Amino acid sequence: MKNKLLFATAGLLLAACSKAPVEEQHDGYNLIIQDGPTLGYSPNSGVKIIYEDNKAFKDLNRNGKLDVYEDWRKDLEERIADLANQLTKEEIAGLMLYSNHQSIPNALPLAYHPSTYNGGKDYAESGANPWDLSDEQKKFLKDDNLRHVLIIGVESPEIAAKWNNTAQAFVEGLGHGVPNNNSTDPRHTARSDSEFNAGGGGDISMWPSELGMGATFDPELVRNYGKIAAAEYRALGITTALSPQVDIATDPRWFRFSGTYGEDPDLNAAIAEAYCDGFQTSTGDAAVYGAWGTQSVNAMVKHWPGGGPGEAGRDAHLGRGKYAVYPNNNIALQKKAFIDGAFKLKNGTEKAAAVMPYYTISVGQSSQNVANNFNDEIINKQLREETGYEGVICTDWGVTADYHHTGVHGGKPYGVEDLTVGERHYKALMAGIDQFGGNNDKLPVLEAFEIMAKEIGEEKMQERIRLSARRLLRNIFRTGLFENPYLDPAESAKVVGNPDYMKAGYEAQIKSIVMVKNHANALPIKEKATKVYIPQRTVPAHMSFWGNVEAEKTFTPIKSELVGKYYTQVNTPEEADVALVFIESPASGYGYSLYDAMKDPAIKKRVISELENRDNIKLPDNYADTFVENYFIPDRSQCPEPDNAYYPISLQYNDYVATNAREKSLAGGDMFEKTTNRSYKGKGVKTINYGDYELVKKMREVMGNKKVIVVVNTSNPFVMSEIEPLADAILLIFDIQKQAVLEIVNGTYEPSARLPFQMPADMLTVEEQAEDTPRDMRCHKDVDGNTYDFGFGLTWNGVVKK
Numbered sequence: 001m002k003n004k005l006l007f008a009t010a011g012l013l014l015a016a017c018s019k020a021p022v023e024e025q026h027d028g029y030n031l032i033i034q035d036g037p038t039l040g041y042s043p044n045s046g047v048k049i050i051y052e053d054n055k056a057f058k059d060l061n062r063n064g065k066l067d068v069y070e071d072w073r074k075d076l077e078e079r080i081a082d083l084a085n086q087l088t089k090e091e092i093a094g095l096m097l098y099s100n101h102q103s104i105p106n107a108l109p110l111a112y113h114p115s116t117y118n119g120g121k122d123y124a125e126s127g128a129n130p131w132d133l134s135d136e137q138k139k140f141l142k143d144d145n146l147r148h149v150l151i152i153g154v155e156s157p158e159i160a161a162k163w164n165n166t167a168q169a170f171v172e173g174l175g176h177g178v179p180n181n182n183s184t185d186p187r188h189t190a191r192s193d194s195e196f197n198a199g200g201g202g203d204i205s206m207w208p209s210e211l212g213m214g215a216t217f218d219p220e221l222v223r224n225y226g227k228i229a230a231a232e233y234r235a236l237g238i239t240t241a242l243s244p245q246v247d248i249a250t251d252p253r254w255f256r257f258s259g260t261y262g263e264d265p266d267l268n269a270a271i272a273e274a275y276c277d278g279f280q281t282s283t284g285d286a287a288v289y290g291a292w293g294t295q296s297v298n299a300m301v302k303h304w305p306g307g308g309p310g311e312a313g314r315d316a317h318l319g320r321g322k323y324a325v326y327p328n329n330n331i332a333l334q335k336k337a338f339i340d341g342a343f344k345l346k347n348g349t350e351k352a353a354a355v356m357p358y359y360t361i362s363v364g365q366s367s368q369n370v371a372n373n374f375n376d377e378i379i380n381k382q383l384r385e386e387t388g389y390e391g392v393i394c395t396d397w398g399v400t401a402d403y404h405h406t407g408v409h410g411g412k413p414y415g416v417e418d419l420t421v422g423e424r425h426y427k428a429l430m431a432g433i434d435q436f437g438g439n440n441d442k443l444p445v446l447e448a449f450e451i452m453a454k455e456i457g458e459e460k461m462q463e464r465i466r467l468s469a470r471r472l473l474r475n476i477f478r479t480g481l482f483e484n485p486y487l488d489p490a491e492s493a494k495v496v497g498n499p500d501y502m503k504a505g506y507e508a509q510i511k512s513i514v515m516v517k518n519h520a521n522a523l524p525i526k527e528k529a530t531k532v533y534i535p536q537r538t539v540p541a542h543m544s545f546w547g548n549v550e551a552e553k554t555f556t557p558i559k560s561e562l563v564g565k566y567y568t569q570v571n572t573p574e575e576a577d578v579a580l581v582f583i584e585s586p587a588s589g590y591g592y593s594l595y596d597a598m599k600d601p602a603i604k605k606r607v608i609s610e611l612e613n614r615d616n617i618k619l620p621d622n623y624a625d626t627f628v629e630n631y632f633i634p635d636r637s638q639c640p641e642p643d644n645a646y647y648p649i650s651l652q653y654n655d656y657v658a659t660n661a662r663e664k665s666l667a668g669g670d671m672f673e674k675t676t677n678r679s680y681k682g683k684g685v686k687t688i689n690y691g692d693y694e695l696v697k698k699m700r701e702v703m704g705n706k707k708v709i710v711v712v713n714t715s716n717p718f719v720m721s722e723i724e725p726l727a728d729a730i731l732l733i734f735d736i737q738k739q740a741v742l743e744i745v746n747g748t749y750e751p752s753a754r755l756p757f758q759m760p761a762d763m764l765t766v767e768e769q770a771e772d773t774p775r776d777m778r779c780h781k782d783v784d785g786n787t788y789d790f791g792f793g794l795t796w797n798g799v800v801k802k
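Residue 192 in the numbering used here sits at position 192 of the sequence shown; the count goes up by one each step and never skips.
It should be emphasised that the hints constitute simulated quantities derived from the structure, not laboratory data. In this text, all values refer to a predicted model and were calculated from it rather than measured experimentally. Every residue, glycine too, gets a C-beta built ideally from N, C-alpha and C.
Ranges between beta-carbon positions, derived for each pair:
#1 N616 to V702: 43 to 51 Å
#2 E574 to N616: 47 to 55 Å
#3 H26 to E125: 27 to 35 Å
#4 E574 to T659: 35 to 43 Å
#5 Y749 to E220: 15 to 23 Å
Below, in silico cross-link-like pairs of lysine to aspartate or glutamate (EDC-like), each with a Cα-Cα straight-line distance of 20 Å or less:
#6 K142 to E91
#7 K503 to D203
#8 K381 to D340
#9 K142 to D132
#10 K344 to E385
#11 K531 to D577
#12 K698 to E574
#13 K336 to E377
#14 K48 to D59
With these hints in hand, go ahead and build the complete structure from the sequences.
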């Protein structure tokens, strides 16, 4: 008893000696500085401050008393449980929503669906500030109780910070005052000519793509990237990263190959751990709950159980790629980066805060022929039970919406197309899902709750939905948002893209460049007086993966002002000492011809209707006959009347005919198709950028014995045998600044990166490899006897030591 009295007395003395809270007024919000966490609140939200024991607390539900969830002194799990039990079903439904894509303002050119402002007016006519909430945002925040907003681009860091403050003040006065947990897809990739430039919709440090990160073979570089990116995200008001994408890229044709770290499970696992740890770990005074705190950004690792083995490399954003296949039953390798990487973090946050399953139906991996997001065995059994994962599981975007044959932004309810939207939400919840990506509407979630109550009873329904509520709230509490979600816009401008962060990103870009060929020591070329010719590139008109018609363009790949800092640029190859040729890896489309699909009158009618509704236009009567002009043009010489609309995805520049493809696909079946065989054997395809090969060939012919240096911006492995004999040196780059290339070419830096994938010898080995198996191809061997296998790369002195 004596010890307890002494402890109580000491506590009273400490309280008496602590400094009184001090309140500061800022633009649109106030800060309370105290012995404890700084509190931020809007004086216009209706929230009052409660003082107890010389401490300040926010009365977020405005009931005049200090609730457990409002008391920052309480245990984290106590706070979470208290709030989860208070929330209404409508508020929980809102927590389960994850918005469609928003830009700030939501009228930027990159906005998928621009919003109106100030009561239905176009942004330009509304008089709105760029940081104001759009009509759509006000609705889904207030009426639908949504608290997770996906931000795809911002006009500037200051505007992003002001929008964050506006949105947080708006939701602070609603319901229980749950703050927004804003998020983004990766936004640090560089595609520019100058060292300090815009990236991802706002000034931000620039790094190589994920594939380039893999090429460094340096998890600690990725960990440092995570720390820097997290600091920039927090300064933009972002507390969840919809990354990393740790899918093992086991099929070289996959459209999303460039968003992975390559095809090796061990390398991916090491990078996954470093990435999540860098993003999530807070240190020093910023650490509030263990290693979680005000520096932390939740990592949403994707895509369980691995999106890499789509049959024939087709992607599941469209129904033509809905099936993942496992010829060698290698699903364990697909999961390795999750289990041995993202779920085994070193510095205290333990596991990635969230997981996103992929769209695909994982063929043969469960008894259920439905997409992963609806599959109880894939989610509850394999992810929850077998790995012990208890974090948030969020669907990929649009899985509960209705299926449209056109357009990547249609719904993807693979295997459950016959269910209503509400029934799909119910099935996903029962499979273990907590949150629905790309859904702003609470009504189908509430409908799912009603179905659940009928099926398992009201008590179990309440237990189930409050379990998800606790998971979702945990990621908001432990990032410190309940105490202070507000930002100083001037400070945000100083943090985002500051010179130190830019320098770190630029150094990473240098470290990501892979030199695969340097015949007769063609590089480096140090003399500034060297005359360099850089040919223009031409890209024909085509339909992009995202459904946009891209016009033909001819351009010079690098600015003359930048080249002039390193060499003497000349206007013709005849007067040059060196030709520096910038090209891209082959692009042959996505394995499907909608034009051929529309030979079925029923599909033709529906496609035309969907396109007209999507774009709010009336198409000409002969549109379907000319539709092919907007797409990659397949080669029909081998099969003028195909029985399906599938074509090969080629990794070579020259025309390709798939004479060695499978006779029968491993999976098939779709509501738009009459056949279940998706084989493309005997069909051919052309490559849209065949001109890149012609460009290299022309430069070799014109330059004669003079040097031809080829730089390939690489999104996928490709058949190197076409261009390798024509080049004296070859550099592979991964969405980096051209300045970094020039500083490798002139020897300012030495290349050190390695291939995070295999380079196939030919398309035969591509057809023979298994979609679920890494490193199973025959690799290209060059004129110098080097084999372009996983882990290969050159320095000035020879092969990079592993």
